[in-house]
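**Q** Chains as they are written, first to last, in the working numbering: chain A, 85 to 411; chain B, 85 to 411.
Please keep in mind that the hints were generated in silico from the structure rather than gathered at the bench. Just to be clear, a hint being listed does not mean it is correct.
Pairs count within a copy or across copies, as identical chains cannot be separated in the list.
To be verified - Computed cross-link-like contacts, DSS-like style, restricted to lysine-lysine with a CA-CA straight-line distance of at most 30 Å:
#1 K158 with K171
#2 K263 with K158
#3 K158 with K296
#4 K199 with K158
#5 K366 with K263
#6 K296 with K171
These figures come from a predicted structure and were not determined experimentally.
Protein chains: 2
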Amino acid sequence: MATVAVDAMGGDNAPMEIVHGGIDAAANGHEVVFVGDEAQLAPILEAAGVGIPVVHASEAIGMSDDPALAIREKRDASISVAARLVKTGDADAVVSAGSTGAALTAAVFTLGRLKGVSRPAIASYFPSGSVVLDMGANLSCRARDLAQFAVMGAALARTHDGLDRVTVGLLNIGSEPGKGRVLEREAHDLMGALPGIDFIGNVEGTDLAQAKANVIVCDGYTGNIMLKTAEGTARLVFNLFLEAVAVPDYTEAVQTLAPALMQLRERLNPERAGGAHLLGVKGVVVVTHGSSTRLSISTAVATAADAVAGGLPDLIAAGLAESAGVL
Amino acid sequence: MATVAVDAMGGDNAPMEIVHGGIDAAANGHEVVFVGDEAQLAPILEAAGVGIPVVHASEAIGMSDDPALAIREKRDASISVAARLVKTGDADAVVSAGSTGAALTAAVFTLGRLKGVSRPAIASYFPSGSVVLDMGANLSCRARDLAQFAVMGAALARTHDGLDRVTVGLLNIGSEPGKGRVLEREAHDLMGALPGIDFIGNVEGTDLAQAKANVIVCDGYTGNIMLKTAEGTARLVFNLFLEAVAVPDYTEAVQTLAPALMQLRERLNPERAGGAHLLGVKGVVVVTHGSSTRLSISTAVATAADAVAGGLPDLIAAGLAESAGVL
Chain A
85 MATVAVDAMG GDNAPMEIVH GGIDAAANGH EVVFVGDEAQ LAPILEAAGV GIPVVHASEA
145 IGMSDDPALA IREKRDASIS VAARLVKTGD ADAVVSAGST GAALTAAVFT LGRLKGVSRP
205 AIASYFPSGS VVLDMGANLS CRARDLAQFA VMGAALARTH DGLDRVTVGL LNIGSEPGKG
265 RVLEREAHDL MGALPGIDFI GNVEGTDLAQ AKANVIVCDG YTGNIMLKTA EGTARLVFNL
325 FLEAVAVPDY TEAVQTLAPA LMQLRERLNP ERAGGAHLLG VKGVVVVTHG SSTRLSISTA
385 VATAADAVAG GLPDLIAAGL AESAGVL
Chain B
85 MATVAVDAMG GDNAPMEIVH GGIDAAANGH EVVFVGDEAQ LAPILEAAGV GIPVVHASEA
145 IGMSDDPALA IREKRDASIS VAARLVKTGD ADAVVSAGST GAALTAAVFT LGRLKGVSRP
205 AIASYFPSGS VVLDMGANLS CRARDLAQFA VMGAALARTH DGLDRVTVGL LNIGSEPGKG
265 RVLEREAHDL MGALPGIDFI GNVEGTDLAQ AKANVIVCDG YTGNIMLKTA EGTARLVFNL
325 FLEAVAVPDY TEAVQTLAPA LMQLRERLNP ERAGGAHLLG VKGVVVVTHG SSTRLSISTA
385 VATAADAVAG GLPDLIAAGL AESAGVL
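Chain A with its partners taken away, still in its complex shape (with noise of 0.2 Å):
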């Protein structure tokens, strides 16, 4: 069964709801490793009444860190130690809600990049089922880099998901070919020409609303703005329609709706997405967001196993290979 080792140090609410997120995978059958001051995490332990593993790591990185300099900088930093835990072969993966800079640098320092990777990439998913990279590794892309995403984001498709024929989309501002900056257009011939995924063309945000395609490809810069632009969206329907329906005529029937209102909410809840993977790099790094409650990390270091079981960094691997020609 894969280990994962839980960077229990990164992140706001760290390490109560974080020691608290491993303790819920554990008990849902996960095999978890603690990675953080052990003087802080052993009373969390205690007072839990479990035997989980710690293992010591003497400083953290924070938010506001820069993070290529603070990985360099703490040697001994939580997310550095969980991170040479995978490379060793003392856990299969690693789960951090802290700095997403620091994971990645963490990451590509000490596992490495895979072969035939450029440039790493965050992969996260959306409500309506999409996965979406990059979500912000990578500010500014070349067309091979997205055609690259291309790849990994299938394999991610394919472990995740089960699926034997992935469909990818390239995000733009229009369905025909030839639209978009030359950085699209460029792209859109790589990834016609990638053996092994099933090419559908351009997609659009409003695609978004019903999963168009397996994956959906674009720079970092975009699928961050793009992530928050749903994020903001989905809060901001659920606010108007509270704020229609908040007359003394409407008490009664938005009562009677609220457990399908709290299913919906729970749907939307970016917790419940399970983190976004790190993919490119040689092994299994999956991150949360800074606020994450312990629900988040418990769901995370499921998808974190699924992805070992999966075999993911080797799926990732031989999609690379199979597509060096184009690539």
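With chain A's structure known, arrange chain B on it following the hints.
**A** Okay, now just chain B, sitting in the frame of chain A:
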């Protein structure tokens, strides 16, 4: 009173819906002139029993035509004739549901750019109340362009929302200064130096939920992706809600809430937004969705008339003149 030239041949539902939208606007007290094929328009107006003037245009530009080429070759295209009416002073504004690219080209070609404008931009209102630009006129931008967009968007917020003090945000992947690509980092510095606007720094997609800034500035590729992502997400949330309540236990409550749900859908309806402004040209030009119905056309006519009454082009020119030292 402002005379609005309505391009009767533009959009998927032309001329029927467009003409009826113009008739509605006229019934609401606006001065309208239709531009298009007299042979097609006269029977519609006759059937409606209204006497609204028509200026004949023998050609029309389709959605799939290359905008620049079509404007050059079809000298008598309805959108070009409409722009010439503004140029000659026979009309004060143009409304079109046709190709946005063609409207933009016609506006720049016929009306010309305002002094100091390097790139006209498309500005749209989001349901939260922020105006966002550019929405796709300029896929790749320089920092100076974004700073100009800030000035132009602020002028629109002044006329459209009657604001005196306008807050402007720069769309970015994080709220801290120094975030983003070179483009955003440079634009951040320039925008901070602009006189006459209240620059609040970086804003994120999540901020769309509460209109953190009156004006949000971004490059046209990003703006277009963001607009469509918001549309797609709103539709997704609606669909998921309908799915969640599609059980007999909820039928009655949903029926009770129907008026509130219709009101919410209406509020999120892009048709309601009144169209997008082409800013930076010597005149008022409002474009609407290709799928515009009579409602969006009548709203757009009102929007255009408001902008004329508020002296939008003059306000933009004054803002740019005031900012000349920075831009």
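**Q** Each hint needs a verdict: does it hold in this structure or not?
**A** So, going through the hints one by one against the coordinates:
no. : hint           : result
1   : K158 with K171 : within (18 Å within a copy, 65 Å between copies)
2   : K263 with K158 : between (45 Å within a copy, 23 Å between copies)
3   : K158 with K296 : neither (43 Å within a copy, 37 Å between copies)
4   : K199 with K158 : within (27 Å within a copy, 54 Å between copies)
5   : K366 with K263 : between (35 Å within a copy, 28 Å between copies)
6   : K296 with K171 : neither (37 Å within a copy, 44 Å between copies)
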